[in-house]
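Protein chains in written order, with the working numbering: chain C, 1 to 271; chain G, 1 to 309.
By construction, these hints were calculated from the structure, which means they are not laboratory data.
The reader is advised that the hints may include incorrect statements.
So the derived list for chain G, only partly shown, Cβ under 7 angstroms to chain C, looks like this [unchecked claim]:
no.	residue
1	Tyr194
2	Ala197
3	Ala200
4	Gly202
5	Ala203
6	Gln207
Quick reminder that beta carbons are idealized off the backbone N, C-alpha and C, glycines included.
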Amino acid sequence: MDSPAQAAQPSAAASGSKLAIRTQALNLWYDTFQALFDVDLDVKQGIITSLIGPSGCGKSTFLRSVNRINERLGYVRTTGRVDVLGHDIYAPSVELVQVRKHVGMVFQRPNPLPLSVRENILFGLRVHADGEQRLDRERQGQIVQEALEQVLLWDTVKDQLGEPALRLSLEQQQKLCIARLLPLKPSVLLMDEPCSALDPQATSAVEELIWELRGRYTILIVTHNMAQARRASDECIFMLMGKVIEHGATDEVFVTPEQQETANYIEGRYG
Amino acid sequence: MQAGPKSASDPLSSDRRDAAWYVDKAVQVLVFVGGISAIILIIGIFAFILIQGVGFLASAFDLREFFGSPRWAPTSDHNTTYGALALIAGTASVTGLAMLVAVPFSLGAAIYIAEFATGRTREALKILVELLAAIPSVVWGFIGLSIMNPLIIHAFDVPVGLNVLNAGIILGLMAAPIMTTIAEDALKAVPDGYREAAEALGATRWQIVFRVVLPAARNGLVAAVLLGIGRGFGETMAVLMASGHSINLPTSPFDSVRALTATIAAELGETAVGSEHYQALFTLGCLLFLVTFVINLSADLIVRGVRRR
Numbered sequence: 001m002d003s004p005a006q007a008a009q010p011s012a013a014a015s016g017s018k019l020a021i022r023t024q025a026l027n028l029w030y031d032t033f034q035a036l037f038d039v040d041l042d043v044k045q046g047i048i049t050s051l052i053g054p055s056g057c058g059k060s061t062f063l064r065s066v067n068r069i070n071e072r073l074g075y076v077r078t079t080g081r082v083d084v085l086g087h088d089i090y091a092p093s094v095e096l097v098q099v100r101k102h103v104g105m106v107f108q109r110p111n112p113l114p115l116s117v118r119e120n121i122l123f124g125l126r127v128h129a130d131g132e133q134r135l136d137r138e139r140q141g142q143i144v145q146e147a148l149e150q151v152l153l154w155d156t157v158k159d160q161l162g163e164p165a166l167r168l169s170l171e172q173q174q175k176l177c178i179a180r181l182l183p184l185k186p187s188v189l190l191m192d193e194p195c196s197a198l199d200p201q202a203t204s205a206v207e208e209l210i211w212e213l214r215g216r217y218t219i220l221i222v223t224h225n226m227a228q229a230r231r232a233s234d235e236c237i238f239m240l241m242g243k244v245i246e247h248g249a250t251d252e253v254f255v256t257p258e259q260q261e262t263a264n265y266i267e268g269r270y271g
Numbered sequence: 001m002q003a004g005p006k007s008a009s010d011p012l013s014s015d016r017r018d019a020a021w022y023v024d025k026a027v028q029v030l031v032f033v034g035g036i037s038a039i040i041l042i043i044g045i046f047a048f049i050l051i052q053g054v055g056f057l058a059s060a061f062d063l064r065e066f067f068g069s070p071r072w073a074p075t076s077d078h079n080t081t082y083g084a085l086a087l088i089a090g091t092a093s094v095t096g097l098a099m100l101v102a103v104p105f106s107l108g109a110a111i112y113i114a115e116f117a118t119g120r121t122r123e124a125l126k127i128l129v130e131l132l133a134a135i136p137s138v139v140w141g142f143i144g145l146s147i148m149n150p151l152i153i154h155a156f157d158v159p160v161g162l163n164v165l166n167a168g169i170i171l172g173l174m175a176a177p178i179m180t181t182i183a184e185d186a187l188k189a190v191p192d193g194y195r196e197a198a199e200a201l202g203a204t205r206w207q208i209v210f211r212v213v214l215p216a217a218r219n220g221l222v223a224a225v226l227l228g229i230g231r232g233f234g235e236t237m238a239v240l241m242a243s244g245h246s247i248n249l250p251t252s253p254f255d256s257v258r259a260l261t262a263t264i265a266a267e268l269g270e271t272a273v274g275s276e277h278y279q280a281l282f283t284l285g286c287l288l289f290l291v292t293f294v295i296n297l298s299a300d301l302i303v304r305g306v307r308r309r
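Just need the whole structure built from these sequences, with the hints factored in.
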């Protein structure tokens, strides 16, 4: 087995050099099935990092362990360390609620809550502010507008704020799912194949949006679509069978991969 | 049922009438009859009740007396009156109290089973709830008569323990299991993606339940409560045994009352078939049938409304 530490050395310095996510010897089991093996990764702050690899390679599992949403299954066991902005999120004193405030997540299928567009945006604030002072309506309106403007949705939905979010198109729903994370001022956005349920046009619109958010947030995106990884990420991580095989600047991973497995996958020999 | 004349060379059609063909047809007919039997039966039952009661409706029935007078005196020598108001009030008060008992119990149980319990606890609870639903109503009535009755007399220092309170609690406990099962189904039908989304936004489990799951399952929960009410209206034996069975417009939970159903059950055997009294009882039956039919139908429509959305 190649030393993962060696494989994980990023070969080029993209913008920003502080680390947003650092994992050390992260192992994860679903019951008795081990899904991650000694994952050591350094994800830089403020850039877009894509995770690629064949189905079942552990890329979604890895993503879902960065906000500990994996644990809702109940039979997941994790060892090792995951630091987000220098804080060990698996430390016993950590509150899950706070982890999720700082690490937002976008899912494969757009999953807006069965509430109005406006309430979807405010949901995060409401659950985190439970028991504290209430925001006045004006401030709420401001927050909704800011969030929707950031995801380029304000102009199209500003007249439907009171309507059920489930009535929007899939593209709008997925953008809304990104927008509702923003009022919590997260530092990291995790995206689990955010475009896989969308048609090509919607995909490129959402990709554009993700690119637009680059710099303000650290974005870690799982994708099946290699072209997407190539055109829409700064760095790229290739995983196989629960291990990190290669991590480097996207261009280099795609043009001059260091590992034979990476080359094979990118050329389409498997996966 | 003739297979059209097809050329023998056509490999896709077959004129063979072997055993499998007959079995197929027979099962088809059987399933069809089974399918429409529910409709035939329900229309048939309503027609039967209506025909039995129609003589009364045509002659002695007085709308104002029936719904306005609390005096149900079909066997009085001088002044026979058929006022169903006290019976309606009896049924309504017992059912209302039953819902006050059953709604918190069943919703709480459903939320616990659907959202919090896991593994064996959950399976055990589901089985127990279903067992609870299978307890015969006469057993519940017995509990009302022999356990609740002295308990109420002692606890509240009242002369009679067979009253609205007793019947309401018994009926509430009877209706709760069914309501729990239906409410739990409604909660289970809420897509897990909602919970996951809310959890990823940092909501706690209670916030998920109150802010996401319950609103999303609202229609199903309303349907569960409606079905509970329907059950309450239709229940006979337990109410007959626990309510005291005396004609009264109740002013407190400690008054004895008599329910519509209990009246029919207690009096029908004593009347001459075809007599005015007999027909009046069937008119009560019509009323009960209509009320429960409307309640169940609206519950069903509400549940369908959820699915369509």
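Evaluation of the provided hints:
no., hint, result
1, Tyr194, "holds (6 angstroms)"
2, Ala197, "holds (4 angstroms)"
3, Ala200, "holds (4 angstroms)"
4, Gly202, "holds (4 angstroms)"
5, Ala203, "holds (4 angstroms)"
6, Gln207, "holds (5 angstroms)"
Hint violations for this structure: none, all hints satisfied.
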